[in-house]
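Starting from the known structure of chain U, arrange chain S on it as the hints suggest.
Residue numbers (our numbering), protein chains in the order written: chain U, 1 to 239; chain S, 1 to 124.
Everything labelled a hint here was simulated from the structure, so no lab data went into it.
Beta carbons are placed, not taken as given, at the ideal position from N, Cα and C, and that holds for glycine.
Any given hint might turn out to be false.
[What the hints assert, rightly or not] So these bits of chain S aren't anywhere near chain U, every CB distance computed over 10 Å:
1) M1
2) Q2
3) L4
4) R5
5) L20
6) A23
7) L24
8) P45
9) S81
[Unchecked claim] Where chain S lies over chain U, by a calculated footprint (3+ residues, C-beta under 8 Å):
10) 3-15
11) 82-92
12) 102-108
13) 160-166
14) 204-215
Each chain, letter by letter, is given below.
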Amino acid sequence: MSDFVALWVYLSATPLFGLTATLVTYVLAHAFYLRVGQAAWANPVLWSVLVIAAVLLATGVPYPTYFSGAQFIHFLLGPAVVAQGWPLWQRRTQVRQRWGRLLLASLLGGVAASGSALALGWAVGLPADVVLSLAPKSVTAPVAMGIAEKIGGIPALSAVFAVLTGLVGALSGKVLFGLLRLPYSANGWAARGFALGTASHGIGAARALQVNADAGAYAGLALGLQVVLASLLMPLFFR
Amino acid sequence: MQGLRGLAWLLALQSAGELLARALQLPFPGPVVGMVLLLIALRWPLVREPVAQCADFLLAHLSLLFIPVGVGVMTHLALLSQYGGRMLLVLVLSTWIGLAVTALVLYHLSPADAADDVEGARDV
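Same shape as in the complex, but just chain U (with noise of 0.2 Å):
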């Protein structure tokens, strides 16, 4: 038993295991995701999420030891946000003949969000630093902890309440979307899949992509869209 503890002790403090728990939970999460017919409550995000934290505060092993090995798979937000615009690019002629009123769904949807998160946060009696963290909520949570910091908000709680909006984002925009009613058409997908990955950036970028390629692409122009609007508007808006 005592070898035991001695190895957890040892394997828990290097990188190795971070990077291990973070790959293998998200493979069983995923796995148990597609067996129950890719049921938005069953997010493989949430519960490996839920699954590693409860694993780490029941272990006692501080969340920086964790992250020393998971920041590999965090480094690559950084090209992923790159490979957005591949996707883009394959669309780039419906883009364009669509370019004005996407480029105002984006913008009007990413005003509403982040204000009525403003203004909720506010009227709830939230501290100030965690309503300004609240604002750029809806953009994919690397770029999120960016403006948070030009905006006077805490990084790391902007990039908390990023993964928790995706989370939203993906668990209810089919019951929302069925009370808008939006119908199964080409329109429909695009209107679906725009929203999600304009409110819910990547994570719901990614549940639009296992339902429907179109809903899917949309969303990945959408989250891109709401990366450059934010990032170019949060810090002029706050200054």
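Same frame as chain U, now just chain S:
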């Protein structure tokens, strides 16, 4: 090998984006500038073919990349226990508002199309 070459391109463009963003003091994060550079570079098959493979792989597993940051929620437990309910309320409502505004604006600005329900398709 193509996939690896694609990753090399993505990283090179990200680095170029970081350099440009710093040198010109752009308000965008480096990877965003890299994405714009990629859009320009994709017209050349030398870039397009390897990047296509790598990008498809990266984007297919996009949700995995959010886990390390998501686990960071455990470092804010004090804040969560004090404001958790209110923060969740704000996050849920504002996300719904953002989703609804975006979807409705885009849908109602689009020219009408045939409402052909796709057989076997599931809701997002």
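Structure-based check of all given hints:
no.	hint	result
1	M1	17 Å, holds
2	Q2	14 Å, holds
3	L4	12 Å, holds
4	R5	13 Å, holds
5	L20	13 Å, holds
6	A23	17 Å, holds
7	L24	13 Å, holds
8	P45	13 Å, holds
9	S81	13 Å, holds
10	3-15	violated (count 0)
11	82-92	holds (count 8)
12	102-108	holds (count 5)
13	160-166	holds (count 7)
14	204-215	holds (count 8)
Hint check: a violation occurs at hint 10 only; the rest are consistent with the structure.
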